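Residues 2 to 307 in this note's numbering are what the sequence shown spells out, letter by letter.
Heads up, some of the hints might be wrong.
Pair ranges (Cβ atoms, derived) [as the list claims (entries may be wrong)]: (1) T188 to G120: 37 to 45 Å; (2) W244 to G33: 16 to 24 Å; (3) P68 to E129: 28 to 36 Å; (4) D216 to Q130: 20 to 28 Å; (5) E122 to R215: 33 to 41 Å; (6) R119 to G91: 14 to 22 Å; (7) G306 to T42: 40 to 48 Å; (8) E177 to S63: 17 to 25 Å; (9) D293 to E122: 48 to 56 Å; (10) G181 to G33: 17 to 25 Å; (11) T42 to A294: 46 to 54 Å.
Keep in mind that the hints were calculated from the coordinates and are not lab data.
Remember, predicted model here, so these are calculated numbers, not experimental data.
Don't be surprised by glycine CBs; every beta carbon is placed ideally from N, CA and C.
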Amino acid sequence: MTLHRRAVLAGSFACSLAAGLLPGRLVAQGDGLIRRPIPSTGETVPAIGIGTSRRYDVAPDSDAMTPLRETVAKFVALGGTVIDTAPDYGRAEEVLGRILAETKLRDKVFLCSKVAARGREAGLAQIEQSFRRLGTDRIDLIAVHNLIDPQAQLPLLRELKERKRIRYLGATTWAETQYGDLEALMTSDTLDVIQVNYAVDARQAAARILPLARDRGIAVMVNVPFGRERLFNLVRGRELPPWAAEFECASWPQFFLKYVLSHEAVTCPVPGTAQVRYAEDNLGAARGRLPDAATRRKMEEFIDGL
Numbered sequence: 002m003t004l005h006r007r008a009v010l011a012g013s014f015a016c017s018l019a020a021g022l023l024p025g026r027l028v029a030q031g032d033g034l035i036r037r038p039i040p041s042t043g044e045t046v047p048a049i050g051i052g053t054s055r056r057y058d059v060a061p062d063s064d065a066m067t068p069l070r071e072t073v074a075k076f077v078a079l080g081g082t083v084i085d086t087a088p089d090y091g092r093a094e095e096v097l098g099r100i101l102a103e104t105k106l107r108d109k110v111f112l113c114s115k116v117a118a119r120g121r122e123a124g125l126a127q128i129e130q131s132f133r134r135l136g137t138d139r140i141d142l143i144a145v146h147n148l149i150d151p152q153a154q155l156p157l158l159r160e161l162k163e164r165k166r167i168r169y170l171g172a173t174t175w176a177e178t179q180y181g182d183l184e185a186l187m188t189s190d191t192l193d194v195i196q197v198n199y200a201v202d203a204r205q206a207a208a209r210i211l212p213l214a215r216d217r218g219i220a221v222m223v224n225v226p227f228g229r230e231r232l233f234n235l236v237r238g239r240e241l242p243p244w245a246a247e248f249e250c251a252s253w254p255q256f257f258l259k260y261v262l263s264h265e266a267v268t269c270p271v272p273g274t275a276q277v278r279y280a281e282d283n284l285g286a287a288r289g290r291l292p293d294a295a296t297r298r299k300m301e302e303f304i305d306g307l
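Take these sequences, add in the hints, and give me the full structure.
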């Protein structure tokens, strides 16, 4: 996605910094980032995070660590906190753990991982491995990855939460085929957070999952908000529409992220981010105005027409 993103960023234009806030928007003092609450506690987090799938699966002693270390450091310096990883992301947990140790930033991030095992003992072993790889005695959120054996893993996560080894628990999916199972879990269990796929050209979650999360008081992290390479492929070589200036949008990535963030149920998208300039650009989506309902429809129609 790096080459595709570079191409669309080159074709983007800077928008004017018009003043104004959306009603009810939460803004952190100092960094200006929109913050969203986790309903189960009221704790707020900056509304853009970092995902580590694929991009952080590198050799921990290689030169590939340098841009990742710089990216995490810049992300935190600009006010970001939410970083999402998983045991299934290859060496990403180990890489992230080393970065946080070297930069001494562990206490400044909201650290999220997952469990993707069948059975309680296998789940516990995987979770303990995550603690070791991440080099920490506390993980802010652990979620059941892709709904793998939630009947075994959620009681385990609840125990870890009671012991204060984790602060939040949840469940994730990236596939519409799992929405029925996710809805059932959201209704029958008590989750702090879900993670689901949602993008301007992949809006199925808005019909089912997001309204239920809002009604149940569940925070929503969003994965693949760029549709992996799909959205960048659609807009390559195109300039932003002039009306994007109305919601202070400076690039195509911000266009996509501001659409996702403008849904009231969304707490924090976690786009894969492995370069400093992308961290800076993505965080720009959590500043300034967000699209209103009419503009959201216009964005959908624009993308659908490409």
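Going through the hints against the structure:
1. As the Cβ distance of T188 to G120 is approximately 24 Å, the hint placing it in 37 to 45 Å is violated.
2. A hinted range of 16 to 24 Å for the beta carbons of W244 and G33 is consistent with their spacing of about 23 Å.
3. Between P68 and E129 the beta carbons are some 30 Å apart, a value that agrees with the proposed interval 28 to 36 Å.
4. For D216 and Q130, the Cβ-Cβ distance of about 35 Å falls outside the hinted range of 20 to 28 Å, so the restraint is violated.
5. Between E122 and R215 the C-beta distance comes to about 36 Å, which sits within the given range of 33 to 41 Å.
6. Evaluation of the 14 to 22 Å hint for R119 and G91 yields a pass: the beta carbon distance comes to about 20 Å.
7. At roughly 41 Å, the beta-carbon separation of G306 and T42 lies within the given 40 to 48 Å, and the hint holds.
8. Under the hint 17 to 25 Å, the C-beta atoms of E177 and S63, about 36 Å apart, miss the expected range.
9. For the pair D293 and E122, the supplied restraint of 48 to 56 Å holds, since their beta-carbon distance comes to about 50 Å.
10. Distance hint check for G181 and G33: the Cβ-Cβ separation is about 39 Å, which falls outside the suggested range of 17 to 25 Å.
11. Separated by about 29 Å at the C-beta atoms, T42 and A294 break the suggested range of 46 to 54 Å.
This entry does not satisfy hints 1, 4, 8, 10, 11, going by the numbered hints stated previously.
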